[in-house]
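Asker: Residue numbers (my numbering), protein chains in the order written: chain C, 19 to 291; chain P, 127 to 557; chain H, 36 to 379.
A hint or two may mislead.
Label pairs and their calculated CB-CB ranges [claimed, not checked]: (1) R214(H) with P82(C): 56 to 62 Å; (2) D353(H) with G298(P): 43 to 49 Å; (3) K322(P) with E204(C): 46 to 52 Å.
Simulated from the structure, these hints should not be mistaken for lab results. These numbers come from a predicted model, not from an experiment. Don't be surprised by glycine CBs; every beta carbon is placed ideally from N, CA and C.
Here is how the chains run, residue by residue.
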Amino acid sequence: MHIVVCVKQVPDTKIIKINPKTNTLDRKSAPAILNPFDAHAVQEAVKIKRLTGGTVSVLSMGPPQAVDVIKESVEIGADRGYLISDRAFAGADTLATSYALSKAMEKIGKEIPVDMVICGKHAIDGDTGQVGPGLARRLDVPPVTNVLEVSEVNAKENTVLLKRKLTSGYELVQANLPCLLTVEKEINEVEYSALPDMIKAAKYKPVVWTVDDLVNVDRTQLGLKGSPTVVGKSFTPPKPEGGQKLQGSSKDQVKKLMEVLQDKKNLLFQSSN
Amino acid sequence: MPEKFDVIVVGAGPAGSAAALVCARNGLNTLLIERGEYPGSKNVMGGVLFSKDLRELIPEFWKEAPLERPVVDHRYWVLGEQSALQIGYKGMEWGEEPYNTFVVQRAKFDQWFAQKAVEAGALLINKTVVTECIVEKGKVVGVRTDRPDGDLYADVVVLADGVNSLLAQQLGFRKEHKPGDVALCVMECINLPKEKVNDRFNIKDNQGVAIELFGDATKGNFGAGFLYTTNDGINIGVGTTVAAMVKEKLKPYDLLDQLKAHPSIKPLLEGGESAEYLAHLIPEGGYRSVQKVVGNGVVVVGDAASLVNAINGEGSNMAMHSGHLAAKAIVLAKKRGDFSESGLSSYREALNDSFIMKDLEKYKDVPHTLETYPQYFKEYMPTLTKAVGKFFTVDGTTQREKQKEIIKMFTGKKGTFKMITDIYRVFKAVK
Amino acid sequence: MSIVEESKGVWVFIEQNGGKIEGVSLELLGAGRKLADKLQVPLAGMLLGDGIKSLSSQVITYGADEVYLVDHPVLKTYRTESYMKSAFHLIKKFKPEILLYGATSNGKDLASALATDLATGLTADTTHLDIDLENRLLEASRPAFGGNIMATILCKKQRPQMATVRPKVMKELEPDTSRQGKIFEETVELKESDMRTKVLKIVNDVTNKANLADAHVIVCGGKGMGTEENFQLLYQLADVIGATVGGTRDVVEAGWLPHHMQIGQTGETVSPKIYIGVAVSGAIQHTVGMIHSDLIIAINKDPNAPIFDSAHYGLVGDAMEIVPMLIEQFKQMRNAKGGEISYA
Ligand SMILES: Cc1cc2nc3c(=O)[nH]c(=O)nc-3n(C[C@H](O)[C@H](O)[C@H](O)COP(=O)(O)OP(=O)(O)OC[C@H]3O[C@@H](n4cnc5c(N)ncnc54)[C@H](O)[C@@H]3O)c2cc1C
Ligand SMILES: Cc1cc2nc3c(=O)[nH]c(=O)nc-3n(C[C@H](O)[C@H](O)[C@H](O)COP(=O)(O)OP(=O)(O)OC[C@H]3O[C@@H](n4cnc5c(N)ncnc54)[C@H](O)[C@@H]3O)c2cc1C
Ligand SMILES: Nc1ncnc2c1ncn2[C@@H]1O[C@H](COP(=O)(O)O)[C@@H](O)[C@H]1O
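With the sequences and hints as input, model every part of the structure.
Answerer: Shown next as structure tokens:
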């Protein structure tokens, strides 16, 4: 069984802080991390591999530093990693991203045929979750999004049994292999890597491909050129009128607030009768 | 059978990375283990790095290292409550190659320095804590980590795990630090626009100021404060011996707040945004507290060996230099194939001949009668180490909580008062 | 004629589960109506499923002029492949210029797959929709990453222009049963045997989890609460005033709250009578989800925190100090009022 996991390097949005005055993000404080959902994706692939045997590869598109997230994936237990990195990919929206990834996937598939692709539910730099299903279409495999549990992998029948999250509740889906999953965080706990995996990762040199390494690529579908969406104007949303900061010590402020709420207390306390 | 390395270095601070760099350069199969997210992620330093010792390892490091400003203006202020006695030296030659000292931000610098070791061929693994040395037949043969299948073997283990080196203690190389020997230092990184920094200290972009603060900075206790300019901000901190801290009921962060409020300092910080708040121990013990640094299959370097010059606030340079010397000794031992204590002893000798021990010797005459107060080691020191451990390991918690934690640590158990009186007696004896 | 010129009309994907139309689809009909009127084109619902013709009338009463539907047994439950194939057929044939989806599991899934086959642009989690009339372009706005500003996303060269919108962001129209509309039914070749996925069973989550959308009063906690323990304090506050506790994405990331308790662009959109934000910085991705609350109160120790720009009343100070005071005060107020709290 050959599972390929797509992993993205993202700025740690929990650490980036926006400077309230300049309204811009202060990049000093923004280390790049492995998209948390992708860590779960890698972990799930590794768990499946333990059952079925086989290989776990990871694929990432990004700047050269993105090798870090591939190494981190190897720490979690991935066997090999591929980075596609090239100016031509820059500025890609989800459509162009899924195209580039699909081309790399084709090449990986020539080395070892791919039985399953796993993506994160979404990348925290955009929360969009569009690349997964898009990639599935390009590879012409069935996508199953928002997977909560891989309940069964039937290598003989070439099927998987999946628990898929719905707006309220879940559904049990059986999918033929090869297929593409996008996974929720609930799917597993990312394990504390064993030391040998840490050392393996420290030694590991990912395969890095540029556009020229990929076969029959239509460059017009890459990067900015290949992205139908463009950012138009930007604006600050309207603020509510008459906002005010209450003055004084915490005590005074609380007192003032209670005065304000006195008139509104029916909002708060509608007696049941 | 787990992999065997020539050398395992524990801790990717200046000492560890220097040792790993030199070992790797000499073709030794070297593993560098760091507990933090990345080297420097947990490390604290006011920031003055003496150029000389790094130059010996990387001749023109300033061309590539992530440095803040080179210090061209070194000031010494003795603070009164409202006043400041100021002397200093401004030397433009310090602003030119090869430079004298640089201010560095450890989070960036350590990462770069460790990377140098990696480029030289060392393996670096982060997020991994070494829990103990594996000892067989009186010889250190490897390390145990907190990870599954976490044992690793090596001819030599280098302990560069910093100030309260638990590993060196486990090996019985040293006792826990004594309150008189160790300063708890609290510092804050403050963001300020470059231009503001330049005006307030009347310097240019590539010029820095270092101010060492005494007197009222520590409310007259043994210790010191500092204020260093970074590229776009200021690092300010203060540290005093734990003994003094407890005796005077000083809370280190109160000291820092008072210092920041001092009339001759406040204007310098005006309008700055606090970016980081850090606390860390510094071994202040000097010569006497340098204990065993060589054993069978093991050497101790940097803060782990208490190699800090309290007066000049030097430490990172001694750390690098000791790491450098230890590595040379290991390379020699490798040639001879003898990793026993005697096989590695050339490190101790080199250390003795180096500026490090000569400097440290200056204060060897601090009497130590603390042993007569057993509760130190039974209660207070463990409490302290715990407290400090909390202080800089509890991630994501706010300053406020960290502070609460510490106080809990001290007031738990026996109650502060008894502790203070005990320590007071000892402190008198030490003075 | 170019795809841009020949594409006409505003469509909404009508998501139905077990014959019941999702609220978000009706909300989008409301939003789509405005767009269609500006463009002076018909508004249509795209309805897919098994035995769902009867739903067409509802789609029309909620604002549609037209319904395009495929009714087929294979479409009984949602599956990307079958739904995508049917939708693709309708879109290729009738060429809408705009197509909106609810940002639900299925809506996102279908939109993403379709965008790929149609090679067109898709904007996720849009919070604001408008039309640039002279260029006849859909202006789909969402918070820009990094920076407290909104960015307007355009899709100039491809059609349809597509966007997903989270539930409760848009408002549905008053149903109008007198409305008339045209229904276009298409047949699409679908074989169960071609399907590569099977839905074996659907389990609806009956546990009635606290629902932010219906809450009259919300206490929203931020990462600034510091620890999960401190965060519990907010439940005490919520208790006295009968509020529901929600949180920011960082709080959800930290695991202090489940995702359905997240307020903001990619969480829930709320408009309670009173919103109290405690230790919330007020990043735009958060505020877009609460800005329509009647009364916004913010507690933050940083006087420069952006949340104060969105608040009617701001308290500058330490939450751990202020919240206990509030709990006290509210207790008194409640007792004075003698109110047993209930929002029946
Ligand atoms: C506030 C302050 C200001 C200072 N100012 C200056 C100054 O201006 N100039 C100067 O030269 N010196 C200064 N010093 C001293 C200087 O920081 C130290 O002397 C220097 O960092 C020592 O380097 P080291 O490598 O020995 O130890 P450290 O820098 O402490 O490095 C130890 C490393 O080991 C890692 N580690 C620890 N335990 C383990 C384990 N069990 N497993 C794995 N990894 C582990 C730690 O994470 C850390 O990365 C200052 C110190 C402080 C606290
Ligand atoms: C694509 C995308 C989608 C997103 N979607 C959402 C979303 O749907 N919802 C959402 O909420 N976020 C969302 N975010 C994240 C958002 O950008 C912010 O990162 C997040 O809202 C910040 O959460 P916070 O305010 O809890 O934490 P912080 O930004 O860390 O703010 C903590 C605040 O608490 C204050 N504080 C600290 N201690 C105290 C104290 N003791 N007393 C009082 N105040 C204190 C601090 O001053 C600070 O203002 C999204 C981000 C991206 C990139
Ligand atoms: N540049 C990329 N490289 C590799 N995988 C990606 C990339 N972008 C997105 N993905 C995958 O697609 C998932 C959803 O991303 P997104 O659609 O951007 O939210 C991520 O969790 C990744 O698994």
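Asker: Hint by hint, say whether it matches the structure.
Answerer: Here is what the structure says about each hint:
1. R214(H) with P82(C): 56 to 62 Å: For R214(H) and P82(C) the Cβ distance comes to about 58 Å; the hint holds.
2. D353(H) with G298(P): 43 to 49 Å: holds, 46 Å
3. K322(P) with E204(C): 46 to 52 Å: The hint (46 to 52 Å, Cβ to Cβ) holds, given that K322(P) and E204(C) are roughly 48 Å apart.
Consistency with the previously given hints is maintained throughout, with no hint failing.
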